[in-house]
Structures are given as structure tokens and as C-alpha cells.
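Chemist: Sequence:
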Amino acid sequence: MPCFVRRVPLLFAVVGLLSGPTALAQSGSVQQIEDCDPWFALPLTVHDVGVGIGDTEHTIGGRVNFGDRCLQSVSGVNATLFPSFSPTGTVNGLALGLPMTGSARLRGLGVGLGLFFGNAGDVRGAVDGLLVGGLATVSESPVRGMAIGSVGAGVGAPATGVLLAGGTAVTTDRGRGLILGGAVAGTGGPSIALLAGGLVAGTTDRLYGAAVSPGLVGAGGRLVGLGVGGLAAGSRDAVQGLMVGGAALRAQRLTGLGVTAGYAYVSDGPLQGGSIAAVNHINGTQRGLTIGLFNYARELHGVQVGLINVARNNSFWRRILPGLNFSF
Numbered sequence: 069m070p071c072f073v074r075r076v077p078l079l080f081a082v083v084g085l086l087s088g089p090t091a092l093a094q095s096g097s098v099q100q101i102e103d104c105d106p107w108f109a110l111p112l113t114v115h116d117v118g119v120g121i122g123d124t125e126h127t128i129g130g131r132v133n134f135g136d137r138c139l140q141s142v143s144g145v146n147a148t149l150f151p152s153f154s155p156t157g158t159v160n161g162l163a164l165g166l167p168m169t170g171s172a173r174l175r176g177l178g179v180g181l182g183l184f185f186g187n188a189g190d191v192r193g194a195v196d197g198l199l200v201g202g203l204a205t206v207s208e209s210p211v212r213g214m215a216i217g218s219v220g221a222g223v224g225a226p227a228t229g230v231l232l233a234g235g236t237a238v239t240t241d242r243g244r245g246l247i248l249g250g251a252v253a254g255t256g257g258p259s260i261a262l263l264a265g266g267l268v269a270g271t272t273d274r275l276y277g278a279a280v281s282p283g284l285v286g287a288g289g290r291l292v293g294l295g296v297g298g299l300a301a302g303s304r305d306a307v308q309g310l311m312v313g314g315a316a317l318r319a320q321r322l323t324g325l326g327v328t329a330g331y332a333y334v335s336d337g338p339l340q341g342g343s344i345a346a347v348n349h350i351n352g353t354q355r356g357l358t359i360g361l362f363n364y365a366r367e368l369h370g371v372q373v374g375l376i377n378v379a380r381n382n383s384f385w386r387r388i389l390p391g392l393n394f395s396f
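Throughout, our numbering is defined as the position within the sequence shown, counted from one, plus 68.
Keep in mind that the hints are not guaranteed to be accurate.
[As the list claims (entries may be wrong)] Simulated restraints on C-beta separations:
1) L112 with I260: 43 to 53 Å
2) A329 with F394: 23 to 33 Å
3) P282 with C104: 16 to 26 Å
4) Y276 with F108: 46 to 56 Å
5) H115 with P282: 53 to 63 Å
6) Y276 with G330: 19 to 29 Å
7) F396 with A329: 23 to 33 Å
8) E367 with A315: 35 to 45 Å
9) F396 with L375: 17 to 27 Å
Everything labelled a hint here was simulated from the structure, so no lab data went into it.
Virtual Cβ for every residue (Gly too), placed ideally from N, Cα, C.
Full structure from sequences and hints, please.
Modeler: Below, the structure written as C-alpha cells:
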């Protein structure tokens with residue numbers, strides 16, 4: 069019996085290995101700085117409109133600083149070398165990390181260029197807009213919009229929109245939208261999403277939508293929609309819809325259709341619909357049709373078509389039959 073579904077959370081942990089350049093958003097509420105004494109501030113502005121050099125508090129236009137300590141708000145472009153020790157202020161527009169920048173909230177575009185000792189752009193706080201990381205984009209706060217990383221894109225809070233990465237694209241919380249990872253695509257909470265991963269696509273919780281991968285597809289909870297895994301597909305709970313696994317598929321309960329070239333296993337509740345596999349193992353009640361070389365049902369209320377068909381609830385002479393077995 070396939071047990072890969074239990075291992076999906078471990079695969080999601082690979083995002084923690086992305087130690088290269090990142091655009092990072094950390095949790096934290098917007099702090100209002102009172103009586104802040106900046107290290108250096110040269111505001112070339114009129115009524116806050118213009119260019120701010122150093123740790124200016126309010127700027128409408130452009131702001132360049134070594135490290136943010138007294139930042140209150142920037143509307144325009146905020147370029148910094150290092151993040152502050154704690155998230156402060158709001159950036160409305162472009163937060164540019166050379167390689168790091170810091171704010172408590174970003175509304176707009178965050179870009180981490182990763183130009184300093186292989187480190188990363190840092191955009192702290194809730195994100196409404198677009199995050200782009202030279203190698204990876206990581207947010208510990210909710211993302212509403214799009215996060216892109218050439219190697220990884222990860223969110224440690226709810227994500228709504230698009231996560232796109234050449235390697236790993238995951239959220240440890242619920243996801244709503246599109247999550248695409250060249251290697252891994254996944255969520256850690258109830259999700260309404262399309263997940264597509266080159267090796268693994270799945271969730272540790274419920275999924276309403278679709279999960280597709282040439283490798284493994286798994287759900288730790290109910291899967292409602294479509295699950296297609298080139299190697300195998302499974303759910304530790306019910307599947308409602310279509311599940312396709314190249315070598316194996318597993319579900320606690322299946323309402324719909326399961327298709328695999330190998331082993332299909334319904335572990336507990338009923339099969340309501342159909343299953344096509346070399347081996348169909350219905351360890352509960354079958355209400356529908358199974359087609360395969362070997363078909364087994366603990367309790368059959370439907371039809372089995374195959375070389376050998378076993379229905380445990382049938383009378384002795386009809387319990388094992390070649391070709392066709394049925395019970396209504």
C-alpha cells in the first residue's frame with residue numbers, strides 16, 4: 069500500500085534549505101516610531117515630496133538608505149542595503165533590496181537583487197502586490213498577489229494569488245490561487261487552488277481544486293476535484309472527483325473515478341463510481357464498477373469485470389468468479 073502521502077510534509081521542508089538570495093517578508097505589525105533619532109537623514113524634499121537620503125521618516129518620491137530605523141512611510145521607491153532590526157513603516161510602491169530592505173508592510177513590488185555576500189533582498193511584513201527574489205522569495209506573513217523565485221517561493225502564512233518557483237513553491241498555511249513549482253508545489257492548510265509540481269504536488273490538509281505532477285500527488289485531507297500523479301496519487305481522506313496514478317492510487321473513500329495501471333486501494337469507506345486498475349482492492353463497500361485483472365471487494369453492490377473477481381459478501385459459489393461478478 070502506498071504510504072507516500074504521509075511523507076509529503078517532509079518534502080515541503082526543502083524550502084528551508086534555500087539559503088541563497090531571497091526576497092523575505094517577515095511578520096510584524098506596522099510600528100509607529102515616536103521620537104526616533106535617525107543616524108543620518110538628508111531630506112531633499114518639499115512637503116515630503118522629492119528625494120530622501122538616509123533614514124528619513126516620510127518620503128514621496130525616492131528614498132535611499134543604508135538601513136531603516138525610523139522609516140514611517142515611502143510612496144514611490146525605497147532602496148536600502150540592510151533591513152531594520154524590527155519591521156517599521158509602510159512602503160507603497162517599489163521596495164528595492166541592494167540586497168536588503170525593510171518595512172512592516174509592502175503594497176506594491178518588492179525586489180531582492182542579492183548582490184551582497186550571496187545574501188538576499190528582505191521585504192518585511194504583510195505583502196499586497198508582487199515579490200521577486202533573485203533566487204528565492206520567502207514571506208512569513210500573508211501574501212496577496214504574486215511571489216516569484218527562480219529557486220523557491222515560500223509563504224509561512226495564508227497566500228492568495230500566485231506562487232511561482234523553478235524549485236519549491238509552498239505555503240505552510242492555506243492557499244488560494246495558483247501554486248507552481250518546478251520540483252515541489254504544496255500547501256499546509258485547507259486550500260482552493262491549482263497545484264502543479266515537477267516532483268510532488270500536494271497538501272497536508274484539504275484541497276478543493278486540482279493537484280498535478282509527473283511524480284507524486286497527495287492530500288492529507290479530503291480532495292475534491294482532480295488529482296493526477298505520473299507515479300502515484302493518494303489521499304488519507306475522501307476523494308471526490310477524478311484521481312489518476314501511474315503506478316498506484318489510494319483513498320480512504322472514493323466518489324467518482326480512479327484510474328491507474330497498477331494498484332488501486334480504497335482503504336475504508338465506500339467506492340461510489342468506478343475504478344480501473346490492474347488490481348482493485350476495495351476494503352469496504354463497492355457501489356459501482358471495477359475493471360482490472362484482479363478485483364476484490366469486501367462488500368459488493370455493483371459489478372466486477374476482470375480475470376479474477378472476489379466479492380466477500382456473495383454466496384460461496386459466487387464469491388470468486390472469473391470474467392464477471394456482481395451483487396445488487
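Chemist: When you take the CB atoms of F396 and A329, is the distance between them in 23 to 33 Å?
Modeler: 29 Å, holds
Chemist: Mind checking the hinted window 35 to 45 Å against the Cβ distance between E367 and A315?
Modeler: 27 Å, violated
Chemist: Using the C-beta atoms of P282 and C104, is the stated range 16 to 26 Å upheld?
Modeler: 53 Å, violated
Chemist: Indicate whether the distance between the beta carbons of A329 and F394 respects the range 23 to 33 Å.
Modeler: Taking Cβ atoms as reference, A329 and F394 lie about 25 Å apart, which means the hint holds.
Chemist: Does the hinted range 19 to 29 Å hold for Y276 and G330 at CB?
Modeler: 27 Å, holds
Chemist: At the C-beta level, are H115 and P282 separated by a distance inside 53 to 63 Å?
Modeler: 57 Å, holds
Chemist: Does the hinted range 43 to 53 Å hold for L112 and I260 at CB?
Modeler: 48 Å, holds
Chemist: Determine whether the Cβ-Cβ distance between F396 and L375 falls within the hinted range of 17 to 27 Å.
Modeler: Given a distance of about 22 Å, which is inside 17 to 27 Å, the answer is holds.
Chemist: Between Y276 and F108, does the beta-carbon spacing fit 46 to 56 Å?
Modeler: Holds, at about 52 Å.
The structure shown violates the earlier hints numbered 3 and 8.
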